[in-house]
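Grab the two chains, each in its own frame, and use the hints to assemble them into the complex.
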Amino acid sequence: MDLAYSEEEEAFRAELREWLAVTLPQLPPRPDPADWPGRRAYDLGWQRRLYDAGYAGLHWPVDAGGRGATPTQHLIYLEETERAGAPYVGANFVGLLHAGPTIAAEGTAEQRARWLPPVLRGDEVWCQGFSEPDAGSDLASLRTRAVRDGDHYVVSGSKIWTSHAEVADWCELLVRTEPISADVPKHRGISWLAMPMDAPGVTVRPLRTLAGSTEFAEMFLDEVRIPVGNRVGEENDGWRVTMVTLSFERGTAFVGEVVACRRTLTALAAEARKNGRWDDPVLRRRLGRLNAEFSALWRLTQWNVSEAQHTGGVPGTGGSVFKLRYSHARQELYDTAAAVLGPDSLDLGREWNLDRLSSLSYTIAAGTSQIQQNIVAERILGLPKGR
Amino acid sequence: MDFQPTDDQRALRTGVRELLAGRFGRDASRTLADAPGGPVLDRGLWRELGDAGFFSLRLPERDGGVGLGLPEAVIAFEEAGRALLPGPLVATHLAAGEIDGAATGDTVVTAVDSGGLVTWYDTADAVRGDATGAVPVRSVDPLTPLHRAPAGHSGPHDPVAVLLTAAEQLGSAARTCELAVQHARDRHQFGQPVGAFQAVKHLCAQMLVRTELARAAVYAAAVTGDPLEISGAALLADDAAVRGARDCLQVHGGMGFTWEADVHLHLKRAWLRAELGPSAATLEEELAAAL
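Chains as they are written, first to last, in UniProt numbering: chain A, 1 to 387; chain B, 1 to 291.
Only chain B is shown next, with the shape it has when bound in the complex (with noise of 0.2 Å):
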């Protein structure tokens, strides 16, 4: 048993990181939740995506792919997370060998979530569900368009798209605690770091627990595919996700209110990105159903 990334899979977390912070670095970002019309997709982005593998990663070598598993798809979400980069890229992944053009970033591929909820879907070539009817709605997320299918529809159950989607959790909240751990160095109040004040100590390390737990969950569900697992990871990583990016509010003080500061780009995602899915209740029954 080695439960440590190989020296391949740090290279492929580097890569990735690399990539993501010469193409989607903090600018970027901004100016994106800053359009006027609304986000717009950088399809340019999207096929350099596509040309580094990013969807097509578990695909076959055969059929043009990485011919890698999951722990690494985990890996290369992971830091999607991290960089808050938009775009319906778990639905694309998973449609890399099934709709043209996907695996090269060629096409974008979204899908209707359980609860009807679609992103992207006016800049999406294919959408997989039945969205017949679908309403724009004003989104939380500024990095985010979403439309809402009328009740009943729904798409794909897949718990691959469950745990690609905790994987970029588990990404925001690591980036969360390194945000509100570099704040409460640089900020000085009563003549100190705030960080030095050990209220502010304990929500960082809470923070830091709750990331490392969901680590270990998210990579073990990778390795195992298990269903429950994944399930499991899922509930871990919404809870860091969210509650990371709520204390780094926190941490912040007034700074952590305003547009200006990352911080809410990285809540309203992790709200958006716990609502798609399976709810925590969902998740909650069946891992109870399994005891």
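With the rest of the complex left out, here is chain A (with noise of 0.2 Å):
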């Protein structure tokens, strides 16, 4: 058990770090959360520098255009950039953490020549069109289909809680290509295709959270074709495609965020000694547990990190195990807040108030708790599928 990083591990920090202090004073000003041309166009133009650094695609594989970083040093440039306050991966987020993996995993030499240098670059943005509305924690139920016609699939259906799809060019789309039957249980029977966002049929139409923005949207989609070429992975096997994509958003998914929050805490004792709670002794405990909780989960994130390691960088189960304590923490963090600023917390001009309200969705979205809950249970604990 070493905690220690070596020297080349410190060499890659060093450097990142030069780079950060000279590239993030020569950033645009960031857009307004309303503004999504806006958003795109910078959080692209952040992908660009990247890229041009050599630091996109750090954890792709090398063949994938990537530079084949260890687990380890993708650590080191999540808690870098986020220390530094560099841009969140924002609209890239599927393309380089879903989608992309995804194609690099399973795609044709075609395919990943098509899709994979335009999301390294910041050129395009893709979105996901996984959930629909009778197909959430039951994700495998989905009922899009998708029939074919010559060299095309012709999908109708609807999709839900798809985040940038306004301003995305790519969706990564899970159809029905058999449908359910007493042969085929559900699992089968999905396929994985690449829709173009700008082909005839497809209706977008945002949805407001309850934080009052709209962070993600509904799809509607009506005949669309798209080209049987688009298919990632054989016909009916897109559910297996598909399980290798969602492993890796509860990865690593969350490293920055551990970073941002142990900040965050401080800031709230700072407060708190500044207008008085701090002598709450309630307060005070509830804050030092808050600080057992944050130190400890950034332990279980280098923990996974370094079991990632010897495992050849496939992300484990143990990240439903960190995603499950660390989406309850992070609604306890910004309640905590709440409690430090006291009236003050009703003021939505006020610091931490818009976080709380997006906290509410962290034990819901990637999986509600109850569903991790199950999974923790029977992957790792082994115990029966039953009620």
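Treat the hints as calculated values from the structure; they're not laboratory data. One should not assume that every hint holds.
With a straight-line cut-off of 20 Å between C-alpha atoms, the simulated SDA-like cross-links for lysine to any residue are [unchecked claim]:
#  : chain 1 : residue 1 : chain 2 : residue 2
1  : A       : 385       : B       : 191
2  : A       : 186       : A       : 385
3  : A       : 274       : B       : 133
4  : A       : 385       : B       : 186
5  : A       : 385       : B       : 198
6  : A       : 385       : B       : 290
7  : A       : 274       : B       : 291
8  : A       : 385       : B       : 193
9  : A       : 186       : A       : 147
10 : B       : 268       : B       : 143
11 : A       : 385       : B       : 189
12 : A       : 186       : A       : 256
13 : A       : 385       : B       : 190
14 : A       : 385       : B       : 178
15 : A       : 385       : B       : 202
16 : A       : 385       : B       : 285
17 : A       : 274       : A       : 347
18 : B       : 268       : B       : 116
19 : A       : 186       : A       : 135
20 : A       : 274       : B       : 189
21 : B       : 268       : B       : 25
22 : A       : 186       : A       : 131
23 : A       : 385       : A       : 185
24 : A       : 274       : B       : 290
Here it is, written out as structure tokens:
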């Protein structure tokens, strides 16, 4: 058990720090959160800078155009970019963390050549068309139909919770190519398609979150024609293809956030000392416990990353354990922020209050806590499936 | 960075686990729990632990020790917690090299904790701290005799003692999670294993989550030796052990409330360890002050 970084890892960190120190002051001002085209341009501009400096697709395999970095180097990258206040992955999220890795792992040489370089260069944005109004936690029961017509699929149905749909060029779409029947269980019969968002028949309707913003959208598909060549993996094998992607989401997706949460916690203590609520021992103790919580979550991240390093970079089920605890800890952090602010917690103009609202999605998005607990119980502890 | 146990550390874990399984298995703990005059410390076992290097683990080799560090000690104490191994293990380990015979297991050393509690007072050959006037307490833990020194008496505060106790809590938490899962697989109701019910699954999943978070915290604190990190690890390990034993009891249903099931032994020891050393309030205040 060693928490010290190797000379090589420290060199990587130093080089990255130096680059961040030079690059971040050159960035344009951040766009307004409601300005979606502005956000797209900003996020893609950041990605282009990463690309030019050789940091694009850091953890992607070298033959996919990535840098083939180790899980530890990726951890350092996420830690340092967060510390330096660099932009988030933003509109590049699906391309870099879902669709890209899937195409890298399962796509043909031609598909990789078509779709991967624009993601790395910051030329194209991807969104994700997985969930449907009637297929959330039970994703495999999805019903969006794709019917073969010559060398095209004709796709009809609807998708929901699609982030960045308004500004995406491509959508990684899960469709049913074989209806569920006695012979075809729901996990079979699903295929993975790359859908151009400007195809006729695609309608996007933004959804307003409880935080008031339009962070995601509904998508209606009416006889959208998608070339068969846009299918990644075999027909009806899309479920397996997708699982490659989802494990990435639970791997290192929250590293930067844990770093940010620890910084927020320090700021909360400073605010409480300033406004007098520090005198309340109940609040102090709550902050103290959160200190233990987030420093342990950081150690758990290092533990999981070290494990991934031994297993060849594939994120393990440890991601579910981490997500379960982290999502609740984040909510507790912002509830504690409200306790620090007192009446000011009702003022959305104050720092932390919008974060408190958005933290409510954490126990739901990317697998609800209840589903995550089933995963932990069945896949790690080996308890039987059932009711 | 490689925050996973080395091959040597894994081998140490296996070695301690096998030693304890052979010398202090379930029968031994049950016999001890039912001993008419209260539990008696097995001095033969204590010397075997000494021979195996349990107490001298961190002593330099030139002083007759094994020359290993805190991470290895934490692994050994985690196994002790898992096996419900009784005795003032932490105090004797810390006395190695300072009190004659502690390192070899010939001397049993106990200590007065910050709240005046002393375990195994009548058995111990040496007591660290002032235990004058200590009176016996009817101990909640059938495997740990307990005395209490008058108010104001307390022993030395040592973060390493806090860490090793947290390691025992971690071992207990991991064990109660296993016991709960085993029972949830074996016990059938409504025509299926009770572990197939989500309500039971979710209890077990949270037991594992608390255990794994505590593991990361305890191991990291062992690597860095940072007192603040040790305090955080102790908070999380106490939580994992006490709540883990409680949930394990719940998963066992009626059997969990019996003397015969092992669950209560884990719960009572977890309560005892959580009470020894700094309180949760002290740890939380310390962690808050550092923000």
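Verification of the hints:
1. A:385 - B:191: Between residue 385 of chain A and residue 191 of chain B the Cα gap is close to 13 Å, so the pair holds against 20 Å.
2. A:186 - A:385: Holds, at about 16 Å.
3. A:274 - B:133: 47 Å, violated
4. A:385 - B:186: The given pair, whose Cα atoms are some 14 Å apart, holds under the 20 Å limit.
5. A:385 - B:198: This hinted pair holds, its Cα atoms lying about 9 Å apart.
6. A:385 - B:290: Given that 20 Å is the threshold and the Cα spacing comes to 45 Å, the pair is violated.
7. A:274 - B:291: 13 Å, holds
8. A:385 - B:193: Between residue 385 of chain A and residue 193 of chain B the Cα gap is close to 10 Å, so the pair holds against 20 Å.
9. A:186 - A:147: 17 Å, holds
10. B:268 - B:143: 9 Å, holds
11. A:385 - B:189: 15 Å, holds
12. A:186 - A:256: Distance ~36 Å between residue 186 of chain A and residue 256 of chain A Cα, so the pair is violated.
13. A:385 - B:190: Distance ~14 Å between residue 385 of chain A and residue 190 of chain B Cα, so the pair holds.
14. A:385 - B:178: 18 Å, holds
15. A:385 - B:202: It holds: about 12 Å lies between the C-alpha atoms, which stays within 20 Å.
16. A:385 - B:285: 43 Å, violated
17. A:274 - A:347: 18 Å, holds
18. B:268 - B:116: 19 Å, holds
19. A:186 - A:135: 11 Å, holds
20. A:274 - B:189: 57 Å, violated
21. B:268 - B:25: Status holds; Cα separation ~18 Å.
22. A:186 - A:131: 14 Å, holds
23. A:385 - A:185: At roughly 16 Å apart (the allowed maximum being 20 Å), residue 185 of chain A and residue 385 of chain A satisfy the hint.
24. A:274 - B:290: With a Cα-Cα distance of about 16 Å, the restraint between residue 274 of chain A and residue 290 of chain B holds, given a limit of 20 Å.
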